[in-house]
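Protein chains in written order, with the numbering used here: chain A, 181 to 436; chain B, 181 to 436; chain C, 181 to 436; chain D, 181 to 436.
Simulated from the structure, these hints should not be mistaken for lab results. Treat the hints with care, as some may be off.
Given that identical chains are not distinguished, each listed pair holds provided it fits within a single copy or across any two copies.
[Unchecked claim] Computed cross-link-like contacts, SDA-like style, restricted to lysine to any residue with a CA-CA straight-line distance of at most 25 Å:
| id | residue 1 | residue 2 |
| --- | --- | --- |
| 1 | K184 | K229 |
| 2 | K428 | T225 |
| 3 | K286 | H322 |
| 4 | K304 | G345 |
| 5 | K229 | G427 |
Number of protein chains: 4
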Amino acid sequence: MEWKTSIAGQIGAETVIRGYPLTELIGSLSFAEAIFLVLKGDLPTEREKKLLEATLVAIIEHGIAPPSIVAARMVLSGGNSINSAVAAGALTLGDFHGGAIETLAKLLQESLTPETDNVRILAKRIILDYRQNKQRVPGYGHKLYKRDPRALKLIQIARDLGFNGRYIDLALAIQDELEAGSDGKPLPLNVDGVTAAILSEMGIHWRNGSGLFIIGRIPGVVAHVVEEKMRERPFRRLPEGTHRYDGKPIRHLKGK
Amino acid sequence: MEWKTSIAGQIGAETVIRGYPLTELIGSLSFAEAIFLVLKGDLPTEREKKLLEATLVAIIEHGIAPPSIVAARMVLSGGNSINSAVAAGALTLGDFHGGAIETLAKLLQESLTPETDNVRILAKRIILDYRQNKQRVPGYGHKLYKRDPRALKLIQIARDLGFNGRYIDLALAIQDELEAGSDGKPLPLNVDGVTAAILSEMGIHWRNGSGLFIIGRIPGVVAHVVEEKMRERPFRRLPEGTHRYDGKPIRHLKGK
Amino acid sequence: MEWKTSIAGQIGAETVIRGYPLTELIGSLSFAEAIFLVLKGDLPTEREKKLLEATLVAIIEHGIAPPSIVAARMVLSGGNSINSAVAAGALTLGDFHGGAIETLAKLLQESLTPETDNVRILAKRIILDYRQNKQRVPGYGHKLYKRDPRALKLIQIARDLGFNGRYIDLALAIQDELEAGSDGKPLPLNVDGVTAAILSEMGIHWRNGSGLFIIGRIPGVVAHVVEEKMRERPFRRLPEGTHRYDGKPIRHLKGK
Amino acid sequence: MEWKTSIAGQIGAETVIRGYPLTELIGSLSFAEAIFLVLKGDLPTEREKKLLEATLVAIIEHGIAPPSIVAARMVLSGGNSINSAVAAGALTLGDFHGGAIETLAKLLQESLTPETDNVRILAKRIILDYRQNKQRVPGYGHKLYKRDPRALKLIQIARDLGFNGRYIDLALAIQDELEAGSDGKPLPLNVDGVTAAILSEMGIHWRNGSGLFIIGRIPGVVAHVVEEKMRERPFRRLPEGTHRYDGKPIRHLKGK
Numbered sequence: 181m182e183w184k185t186s187i188a189g190q191i192g193a194e195t196v197i198r199g200y201p202l203t204e205l206i207g208s209l210s211f212a213e214a215i216f217l218v219l220k221g222d223l224p225t226e227r228e229k230k231l232l233e234a235t236l237v238a239i240i241e242h243g244i245a246p247p248s249i250v251a252a253r254m255v256l257s258g259g260n261s262i263n264s265a266v267a268a269g270a271l272t273l274g275d276f277h278g279g280a281i282e283t284l285a286k287l288l289q290e291s292l293t294p295e296t297d298n299v300r301i302l303a304k305r306i307i308l309d310y311r312q313n314k315q316r317v318p319g320y321g322h323k324l325y326k327r328d329p330r331a332l333k334l335i336q337i338a339r340d341l342g343f344n345g346r347y348i349d350l351a352l353a354i355q356d357e358l359e360a361g362s363d364g365k366p367l368p369l370n371v372d373g374v375t376a377a378i379l380s381e382m383g384i385h386w387r388n389g390s391g392l393f394i395i396g397r398i399p400g401v402v403a404h405v406v407e408e409k410m411r412e413r414p415f416r417r418l419p420e421g422t423h424r425y426d427g428k429p430i431r432h433l434k435g436k
Numbered sequence: 181m182e183w184k185t186s187i188a189g190q191i192g193a194e195t196v197i198r199g200y201p202l203t204e205l206i207g208s209l210s211f212a213e214a215i216f217l218v219l220k221g222d223l224p225t226e227r228e229k230k231l232l233e234a235t236l237v238a239i240i241e242h243g244i245a246p247p248s249i250v251a252a253r254m255v256l257s258g259g260n261s262i263n264s265a266v267a268a269g270a271l272t273l274g275d276f277h278g279g280a281i282e283t284l285a286k287l288l289q290e291s292l293t294p295e296t297d298n299v300r301i302l303a304k305r306i307i308l309d310y311r312q313n314k315q316r317v318p319g320y321g322h323k324l325y326k327r328d329p330r331a332l333k334l335i336q337i338a339r340d341l342g343f344n345g346r347y348i349d350l351a352l353a354i355q356d357e358l359e360a361g362s363d364g365k366p367l368p369l370n371v372d373g374v375t376a377a378i379l380s381e382m383g384i385h386w387r388n389g390s391g392l393f394i395i396g397r398i399p400g401v402v403a404h405v406v407e408e409k410m411r412e413r414p415f416r417r418l419p420e421g422t423h424r425y426d427g428k429p430i431r432h433l434k435g436k
Numbered sequence: 181m182e183w184k185t186s187i188a189g190q191i192g193a194e195t196v197i198r199g200y201p202l203t204e205l206i207g208s209l210s211f212a213e214a215i216f217l218v219l220k221g222d223l224p225t226e227r228e229k230k231l232l233e234a235t236l237v238a239i240i241e242h243g244i245a246p247p248s249i250v251a252a253r254m255v256l257s258g259g260n261s262i263n264s265a266v267a268a269g270a271l272t273l274g275d276f277h278g279g280a281i282e283t284l285a286k287l288l289q290e291s292l293t294p295e296t297d298n299v300r301i302l303a304k305r306i307i308l309d310y311r312q313n314k315q316r317v318p319g320y321g322h323k324l325y326k327r328d329p330r331a332l333k334l335i336q337i338a339r340d341l342g343f344n345g346r347y348i349d350l351a352l353a354i355q356d357e358l359e360a361g362s363d364g365k366p367l368p369l370n371v372d373g374v375t376a377a378i379l380s381e382m383g384i385h386w387r388n389g390s391g392l393f394i395i396g397r398i399p400g401v402v403a404h405v406v407e408e409k410m411r412e413r414p415f416r417r418l419p420e421g422t423h424r425y426d427g428k429p430i431r432h433l434k435g436k
Numbered sequence: 181m182e183w184k185t186s187i188a189g190q191i192g193a194e195t196v197i198r199g200y201p202l203t204e205l206i207g208s209l210s211f212a213e214a215i216f217l218v219l220k221g222d223l224p225t226e227r228e229k230k231l232l233e234a235t236l237v238a239i240i241e242h243g244i245a246p247p248s249i250v251a252a253r254m255v256l257s258g259g260n261s262i263n264s265a266v267a268a269g270a271l272t273l274g275d276f277h278g279g280a281i282e283t284l285a286k287l288l289q290e291s292l293t294p295e296t297d298n299v300r301i302l303a304k305r306i307i308l309d310y311r312q313n314k315q316r317v318p319g320y321g322h323k324l325y326k327r328d329p330r331a332l333k334l335i336q337i338a339r340d341l342g343f344n345g346r347y348i349d350l351a352l353a354i355q356d357e358l359e360a361g362s363d364g365k366p367l368p369l370n371v372d373g374v375t376a377a378i379l380s381e382m383g384i385h386w387r388n389g390s391g392l393f394i395i396g397r398i399p400g401v402v403a404h405v406v407e408e409k410m411r412e413r414p415f416r417r418l419p420e421g422t423h424r425y426d427g428k429p430i431r432h433l434k435g436k
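With the sequences and hints as input, model every part of the structure.
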């Protein structure tokens, strides 16, 4: 078992991150620029920086209702530390809670090649494959919106910044193709889906998809956990009337 | 059990964060500004923004050796998801691993009042208290440095931005007082300690201390976990020669 | 960093646990006997075995309402693995959720010495100390019962098995003393409290208190997580009407 | 979001587990019997009880080297609670660390039907499927043993107790078939594999496979975490000489 890393370490007396002395980065980079550097290995361009800032802001917080926040507050409520409760929030961010980013980013990055000249045809082929395997394409659909306003905003920002936009085009072509076969039901590219397209535009490997979502959402989790600590009494139980036992009726041990 | 939050929610059709519509924030704020808003409830000033960016960059990543990175890589290595491994990193960030921020910030914020006119006298009184209770003041000392270069850099940035600096002054007065009684052993304000002083300068409640460290360090943890996934083979065991059994010698069950 | 352990390892070709070859233990010990061996370092006597079996059964499961079960189900519901969800259950078992065992066991084991000849006098002194420090003695009180039936049952079993009972006597003396000063409010030794007394009777160090509770409760957590996986749909959100935003009213960015 | 469970709850004044009043179970069941009841919904027969006790003992502890123990000790070492550290152990028990139990149990339970009359033919068909899909059958192989002594012991116990043995027969037929095509390399049914077969013999659904492994291994994790707390100094870092930075050489920011 050898431990090696290309992310950070010591070169002589300097602590370096991806080669840059850390003391040089402090005060020179924004946090989002440093995140880009840590994940991708190089500094972002000015427009990559702006797009990443916008994407992380879009993810940061969405209220008390999602399972990650409930789990984090429950852990705190049992009498545990801030970092344990935040960890429970991260633990909850699985396949159905931000996981679509990684899955769709993989699909986009592995489907689109330099040779692709028509994203509509590619989108049709992708949908066909998914339908034959009876799978759903991740990153589409929203329970409230016909179009997700956060997704629209991020796409607009990416266009305004002059991104090439082939991954976004493919993601939108998939949306159109899905809706063409959905009997009028809207299946909009949602905030997970657009994040998948945007990290692909920035050249970030799909393997970082879940990680990027965790980075973006953790500040919200922290705020909720601190609020729970400062405003609520410990030991939240489910209230009477919200739960019930529907198992075997009463019975007794025999011959014991 | 009622669930209420002042952090984010719906007002009519808008998702708001601390009152601001989320779609307005996307593209307008940097990620660090949004972090400030989520944690403190209001937007930072320009100099608060710059100081927070610098602080988060200082925390972001410090190589493969700390226990949080080893734990995170071990969890991935057992065949687990990215978010589980990142959660293990957060779990490790306890009292001895970033925890000094919260403890020292509490001390600084509860000791320094508008009436305090001499931080040296206050520092002396604090040290006396700690010595009488046989406790160590958290946030001081470094195994390599006489002065921690990251701490020096952050203090310089805070001064240049025109921060009042009373919390920094108190933190440095404690350093001088500690060193006055340490027989020449350096006990520099370290990166945890300076973070405690800086978040106090920005008016962030000490309860957010651990959370701020987690927010800052999670990108580094993500990068390590993704690197482990992409470069290493699964199931890291301790290598032969690094571990040993020092328990009871061999013995056998009787009468079983 | 050297890794040494007295719990288990290799002696020649044998895997041993506390000195005993593992293959000898399989089929010879009950699971509870093996737990005792792993934690304490020696095999239990017959009556210690019986008392430990009874204690672990008393802990195993208490329905869907406690925060540990809600957190575990929430983690699963986000689209995560069985072991991640079980880990969230363990994460929740903190100071207010089983934590009283360790705290009370420490108190009992550090207070009671071979020289103690009167547990009533000792109980009075303990209560006095706690009252002076404005602390609550952990392990007492129940929202439903005047006497906790599980505690009564475990005490009866310990008496019937012929345990000396000095730790139980002290725990009950503390109960009487607490109730003498509670204006008629019942403050019964609860299941956490009795577990603290019982592990002390068995000579298990108080440091194992939280661990014993986790060992006992994990099977219940596993059953809930598997039930969630097999019976429920993913992504549990708090239902409308159970949560609300009580933060700042709507406001807008200026000059951005 | 409604919370319902068939595992445990209140019927009138009684807390019941799978219908049985909890106070009746305390002192009547062994811990392993209660585990069986909680997971499967009914009490085990005498021979099921004995086989489950043996299986859980076989799993309980295997030394300090596996990643689950290293992760758990690292979390404690960062200055965290016993339950957080134990949770990190559970987090590590993923696809490559006990996960084979669930995968193989699924395969066995879904392949073997009442109509199966020849397990050798079934084994051949299974292997063929796996080879065509370029997958490995989980639960086979050991780095030290030609035959895993723990697996042999458990099979012997199951045979002696008079279990029908069709799942064991199928698991062994797969072993023979794998070895027939491995050029003399031993691919013995290992302790994970035999556990899969045994829980199938006991009629426990494969979904409980990972959970059963966690239940069995948690006592070992607890013992290690308590030992770390009582014997070791905090903050384990990787020692110098075991890790290295192999990333970009030193470079500097331009124009910042």
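- Item | Intra- versus inter-subunit Cα pairing at 25 Å for K229 with G427 | between (55 Å within a copy, 22 Å between copies)
- Task: Give the relationship of K304 and G345 under a CA distance limit of 25 Å: within one copy only, between copies only, both, or neither.
- Result: within (18 Å within a copy, 51 Å between copies)
- Query: For K286 vs H322, is the C-alpha pair at or below 25 Å within one copy, between two copies, both, or neither?
  - Reply: Within. Shortest intra-copy distance 21 Å satisfies the 25 Å Cα cut-off; inter-copy 34 Å does not.
- Query: How do K184 and K229 come out at 25 Å by Cα distance, when the copy is not named: within, between, both, or neither?
  - Reply: Cα proximity of K184 and K229: none, with 28 Å in one copy and 34 Å across.
- Query: Is it within, between, both, or neither for K428 and T225, if the alpha carbons may be no more than 25 Å apart?
  - Reply: between (63 Å within a copy, 19 Å between copies)
Taken one by one, the earlier hints fail for this structure only at number 1.
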